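*Asks:* Here is what each chain is made of, one letter per residue.
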Amino acid sequence: MVDRRILLLAALLAVVSALFLFWNLRAPMGFVLSLRFTKFAALCVVGAAIGSATVLFQTIAANRMLTPGIVGFDALFVFIQTMLVLTLGGAGFARLPTLAQFGVETTVLVLAALALFSILLRKGADDILRLVLTGVIIGVLLRGLAGLAQRLLDPSEFSIVQQASFATFGAVDKTQLAIASVILVLCLVAALSIARSLDLMALGRRTALPLGLDYDRMVFVALGIVALLVATSTALVGPITFLGLLASSLAHAVLSTWRHARLLPAAAIIGAIILVAGQFVFERLLGLQSTLTVIVEFAGGALFLFLVLRRPRL
Amino acid sequence: MIQLDNLSITKNGADILRDVSLKFGQGGITALIGPNGAGKSTLLNAIAGLITPSQGSVTVEGCDMIRARPPERASHVALLAQNEQVTARLTVRDLVSFGRWTHHKGRPKDEDHRKIEESIEAFDLVTLADRRLDELSGGQRQRAFVAMAWAQETPWLLLDEPLSALDPRHVRDIMDRLHALTRPGENQRSVVIVLHDLSVTAHYADRIVALKNGQLVTTGPRVLAMTGPMLSDLFGTGLAIERFGGRDVVVPC
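Residue numbers (the numbering used here), protein chains in the order written: chain L, 458 to 771; chain E, 115 to 367.
Hints are computed from structural coordinates only; laboratory data are not their basis.
Please read all numbers here as calculations on a predicted model, not as lab measurements.
Positions of the beta carbon are idealized from the N, C-alpha and C atoms, including for glycine.
Keep in mind that the hints are not guaranteed to be accurate.
To be verified - Stretches of chain E that chain L covers, calculated by requiring three or more beta carbons in the stretch to come under 8 Å of a beta carbon on chain L: (1) 205-214; (2) 279-293; (3) 303-315.
To be verified - Derived Cβ-Cβ restraints for the label pairs, each shown as a range: (4) L:V751 to E:R183: 22 to 30 Å; (5) L:I595 to E:Q199: 28 to 36 Å; (6) L:N520 to E:R283: 54 to 62 Å; (7) E:C177 to L:V751: 52 to 60 Å; (8) L:N520 to E:P298: 45 to 53 Å; (9) L:N481 to E:S251: 56 to 64 Å; (10) E:E225 to L:R462: 26 to 34 Å; (11) E:S122 to L:L590: 51 to 59 Å; (12) L:T555 to E:P222: 44 to 52 Å; (13) L:L464 to E:S313: 53 to 61 Å; (14) L:R462 to E:P366: 33 to 41 Å; (15) E:K219 to L:N520: 40 to 48 Å; (16) E:S251 to L:L478: 38 to 46 Å; (17) E:P222 to L:N520: 23 to 31 Å.
For reference, chain L alone in the conformation it holds in the complex (with noise of 0.2 Å):
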């Protein structure tokens, strides 16, 4: 049976949809319809795998203070845009199919996580601290060349990249979102086909293996949903740092639960609530663009820093 509190916010998350479609709707309504309905499908994508990915990431990592933004994936997209824009030239980026962009950056975004984790684990996956460091010193890394990289740019070039460093819902494509909503569907349900394991695998590997868990395999497998469902969502739209915090805390918040059969859809759900009610608070009611992500960004870090604070052991 679906979990009542499960199913009270896919009702807040209805509600909160519905003032964002319709709310203050003028003619022509079906092309303002139009638009919005893409980026609220664009919203409800992102925050449902960037919130589903944390709950698997941090199940991973035994830590519900990480998320997998730390272990580099937005420093790699930012990277990655920057070479582009200094390879081709502003013009010759702008002129890239966006297609065959989204492809290349989403495929390059989960290669290098899977090496990552690869080399990383490869003796075994009780080293998670070191596969979280590694990723912490390799966005420094990235970070350090793709502001070196800046520096050559000229500043029309440097506005591109900076409007690509942070995420944005605007224009986004509708065959990527088509590719991102397929992709998304198969991890979450990859991911609650595994949802026992995991409740396991929480125990940490010291107590799950010698209780038959293929502890090693499974986070493999964890480990390949996360990556593909977080390298999809910065590809769709760009990074978004803390968003996966919130709604991981939250849902755990909301639950009391340590099934992943229920944290994930909440997660997602939640993950979706935060993007479209942030988006319709200040496009709708405060007349501003592009600035959520910056709100999500500064709300996400105050959680943070609220939760190692509370909890000073890590």
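With the hints as your guide, set chain E onto chain L.
*Replies:* Quick look at chain E alone, frame taken from chain L:
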């Protein structure tokens, strides 16, 4: 039967276990004793197939524990590691239920529920069954973990210092329970346990395996192998075994 042949384990260039060969048959309590750093926990983990040795083999009931997949290993041995801790906010019943994982794979049936309740009862956890682990004392948590390993229902139970946080009453309860479990009968099981309390060892162990500096010092029936001079040599301090109230007690001398 557990059989170790010429088992050696190296970690970061240091020999943790050197050329250990052992064989123990089913039933009874086998106590692993020895000073700190002797390799007792490593030996237990090697039997459970969790450590790849640099040399030698480990078989449990004919199963090659080094090559076997985790589910197969978990059907032969249950291992309770030292200082078990989990970060998930589980109740005692949730934790014990995970002990049945190899049987139910996350979907407990009536038989599993029955075994879970039996384990909870066996380790005096009925009043704590719905309490969360982070609300319990160290000793209560320890008992919950032993109950989890018990619920796994394997022929062999490997316990690494399970008595470390327990008060005398629960030490006795758990050891009495293990003692009864390992006597000949329909559901007889075998226990290999790391113990530091030598009087508890003297009272409950059927066999001992003494390790020092990664090497096997002696093994055999407790009444024959565990002597004052052997213990004094093993721990590097004077120890004697005295009879007190009809029981063997290890005292400094």
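*Asks:* Compare the structure with the hints numbered earlier in the document and write down the numbers of the violated ones, lowest to highest.
*Replies:* Numbers 2, 3, 4, 6, 11, 14, 15, 16, in rising order.
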